[in-house]
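A.B. asks: Taking our numbering, I'd label the letters of the sequence shown as residues 130 to 364.
Hints listed in this document are in silico derivations from the structure and should not be mistaken for laboratory results.
Check before you lean on any hint, since a few could be wrong.
Distance condition first, Cα-Cα at most 25 Å in a straight line; then the derived BS3-like pairs of lysine-lysine [as the list claims (entries may be wrong)]:
| hint | residue 1 | residue 2 |
| --- | --- | --- |
| 1 | K259 | K309 |
| 2 | K259 | K362 |
| 3 | K329 | K309 |
FRET-style restraints, in silico, Cβ to Cβ [stated by the list, open to error]:
| hint | residue 1 | residue 2 | range |
| --- | --- | --- | --- |
| 4 | M192 | D286 | 42 to 52 Å |
| 5 | P296 | M192 | 23 to 33 Å |
| 6 | D153 | S322 | 23 to 33 Å |
Using N, Cα and C, we set each Cβ at its ideal position, and we do this for glycine too.
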Amino acid sequence: MTAPHTAMVLAAGLGTRMRPLTNDRPKPLIEAAGRALIDRSLDCVEEIGVTRAVVNLHYFPEMVRGHLAGRDTPRIEYSDETGELLETGGGIVRALPLLGNDPFVVINSDNIWLGASALQPLIDAWQPDKMDVLLLMVPVETAIGYTRSGDFSLDDDQRLIRRGSRPSAPLVFSGAQIIKPSAFESAPEGPFSLNVVWDKIIASGRASGVVHHGGWCDVGTPDGLRLAEAAVKQG
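Build out the structure end to end from the sequences listed, making use of the hints.
C.D. replies: Structure, rendered in structure tokens:
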């Protein structure tokens with residue numbers, strides 16, 4: 130099994146829940162404990178051997194380019210969404226020509242994973258003969274800054290089960306995954322959520338999850354940012 134060497138970094142969102150901090154900058158450039166969120170995400174994929182990252186751009190794109198110009202690794206390429214914000218699924222479809230034909234990592238730029246090689250569970254659990262997507266999960270009770278009721282549970286074979294109509298689920302998607310480009314072959318055009326692709330893979334029985342037992346922070350709001358900074362400082 131070959132670990133992915135390419136990552137897609139989702140960095141195009143407007144960051145509306147983070148206002149007023151995002152009135153004059155994109156959310157990926159907000160700092161948590163002295164380091165920009167996007168650098169923390171890139172650090173994580175670099176730790177697992179990613180050598181090339183595709184970053185999508187929409188809001189304050191030149192600020193993101195300028196910030197990352199000073200970074201040598203991983204090598205950065207850009208997917209331009211300045212004309213239309215394409216959401217998570219549409220953004221990946223736009224970037225597919227840059228991402229190549231092999232499975233790749235997708236990572237959000239507004240989450241913080243704590244601990245050395247926090248994404249290593251993805252690499253260790255990835256089985257491309259059995260999976261088209263593998264999501265990195267965290268237990269609801271350890272999710273810092275998270276205020277909802279969970280996303281998934283796992284069956285005995287580690288396949289994903291959505292919360293559906295149940296009042297809660299034990300696991301939260303942490304914003305990192307490995308996915309095959311073939312998962313997007315019948316994807317719609319224009320803006321759409323990655324959930325559309327996930328649902329098809331879940332129905333096929335080829336969507337799995339693995340749990341990260343280190344710290345994780347949902348940095349979606351100013352309150353979440355304060356909690357994340359405290360968690361980072363505490364280690």
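A.B. asks: For each hint given before, does the structure comply? Return the numbers of the non-compliant ones in rising order.
C.D. replies: Numbers 2, 5 - these are the hints that the structure violates, sorted from lowest upward.
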